[in-house]
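Q: Construct all of the structure, not just a fragment, from the sequences and the given hints.
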Amino acid sequence: MHQNYPNPFNPETTIKYSLPAQSKVTLKIYNILGEEIRTLVDEVQTLGAKTVSWDGRDNHGKQVSSGIYIYSLKTSKTVLSKKMFLIR
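Throughout, the numbering used here is defined as the position within the sequence shown, counted from one, plus 10.
Among the hints, erroneous ones may be present.
[Claimed, not checked] Here are the simulated DSS-like cross-link-like pairs (lysine-lysine), alpha carbons at most 30 Å apart as the crow flies:
{"#": "1", "residue 1": "Lys-26", "residue 2": "Lys-87"}
{"#": "2", "residue 1": "Lys-72", "residue 2": "Lys-38"}
{"#": "3", "residue 1": "Lys-34", "residue 2": "Lys-60"}
{"#": "4", "residue 1": "Lys-34", "residue 2": "Lys-84"}
{"#": "5", "residue 1": "Lys-72", "residue 2": "Lys-93"}
{"#": "6", "residue 1": "Lys-60", "residue 2": "Lys-92"}
{"#": "7", "residue 1": "Lys-93", "residue 2": "Lys-38"}
{"#": "8", "residue 1": "Lys-84", "residue 2": "Lys-60"}
{"#": "9", "residue 1": "Lys-26", "residue 2": "Lys-60"}
{"#": "10", "residue 1": "Lys-93", "residue 2": "Lys-60"}
{"#": "11", "residue 1": "Lys-92", "residue 2": "Lys-72"}
{"#": "12", "residue 1": "Lys-72", "residue 2": "Lys-34"}
{"#": "13", "residue 1": "Lys-26", "residue 2": "Lys-84"}
{"#": "14", "residue 1": "Lys-38", "residue 2": "Lys-87"}
{"#": "15", "residue 1": "Lys-38", "residue 2": "Lys-92"}
{"#": "16", "residue 1": "Lys-34", "residue 2": "Lys-92"}
{"#": "17", "residue 1": "Lys-26", "residue 2": "Lys-92"}
{"#": "18", "residue 1": "Lys-26", "residue 2": "Lys-93"}
{"#": "19", "residue 1": "Lys-34", "residue 2": "Lys-93"}
{"#": "20", "residue 1": "Lys-72", "residue 2": "Lys-60"}
{"#": "21", "residue 1": "Lys-87", "residue 2": "Lys-34"}
{"#": "22", "residue 1": "Lys-38", "residue 2": "Lys-84"}
{"#": "23", "residue 1": "Lys-38", "residue 2": "Lys-26"}
{"#": "24", "residue 1": "Lys-84", "residue 2": "Lys-72"}
Hints are computed from structural coordinates only; laboratory data are not their basis.
A: In structure tokens:
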């Protein structure tokens, strides 16, 4: 999983990752307190490069505030997390 770009971002950022094999994938955004903000991916995906965008909104469509957020990619074999910064 690559670092999101741009970072810091406003209003949108891109997350890229690659799967070596077909896998169940979840990609979620959490605030600094560990509370889930948004689910970007929750499905079985085929192998290869993937690109996902986050528009700085939560699961209800509300804009989230400036701050540090963590994006976490979970597959059947691994969990990877990185920080990103939203500036409003």
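Q: Decide, hint by hint, whether the structure agrees.
A: Hints, verified against the model:
1. Lys-26 <-> Lys-87: Holds: Lys-26 and Lys-87 sit about 18 Å apart, inside 30 Å.
2. Lys-72 <-> Lys-38: Answer holds: Lys-72 to Lys-38 is near 16 Å, not above 30 Å.
3. Lys-34 <-> Lys-60: 13 Å, holds
4. Lys-34 <-> Lys-84: Distance ~8 Å between Lys-34 and Lys-84 Cα, so the pair holds.
5. Lys-72 <-> Lys-93: Answer holds: Lys-72 to Lys-93 is near 20 Å, not above 30 Å.
6. Lys-60 <-> Lys-92: 16 Å, holds
7. Lys-93 <-> Lys-38: 12 Å, holds
8. Lys-84 <-> Lys-60: With Cα atoms ~14 Å apart, Lys-84 and Lys-60 stay inside 30 Å; holds.
9. Lys-26 <-> Lys-60: 6 Å, holds
10. Lys-93 <-> Lys-60: 19 Å, holds
11. Lys-92 <-> Lys-72: Holds - the C-alpha atoms of Lys-72 and Lys-92 are around 22 Å apart, at most 30 Å.
12. Lys-72 <-> Lys-34: 27 Å, holds
13. Lys-26 <-> Lys-84: Judged against 30 Å, a Cα distance of about 14 Å means the pair holds.
14. Lys-38 <-> Lys-87: Holds, because 16 Å separates the two Cα atoms, which is no more than 30 Å.
15. Lys-38 <-> Lys-92: Satisfied, since the Cα-Cα distance of roughly 11 Å is no more than 30 Å.
16. Lys-34 <-> Lys-92: With Cα atoms ~19 Å apart, Lys-34 and Lys-92 stay inside 30 Å; holds.
17. Lys-26 <-> Lys-92: 12 Å, holds
18. Lys-26 <-> Lys-93: Roughly 14 Å between the alpha carbons, so the hint for Lys-26 and Lys-93 holds.
19. Lys-34 <-> Lys-93: 22 Å, holds
20. Lys-72 <-> Lys-60: 25 Å, holds
21. Lys-87 <-> Lys-34: Holds - the C-alpha atoms of Lys-34 and Lys-87 are around 9 Å apart, at most 30 Å.
22. Lys-38 <-> Lys-84: 9 Å, holds
23. Lys-38 <-> Lys-26: 13 Å, holds
24. Lys-84 <-> Lys-72: 24 Å, holds
Hint compliance for this structure: no hint is broken.
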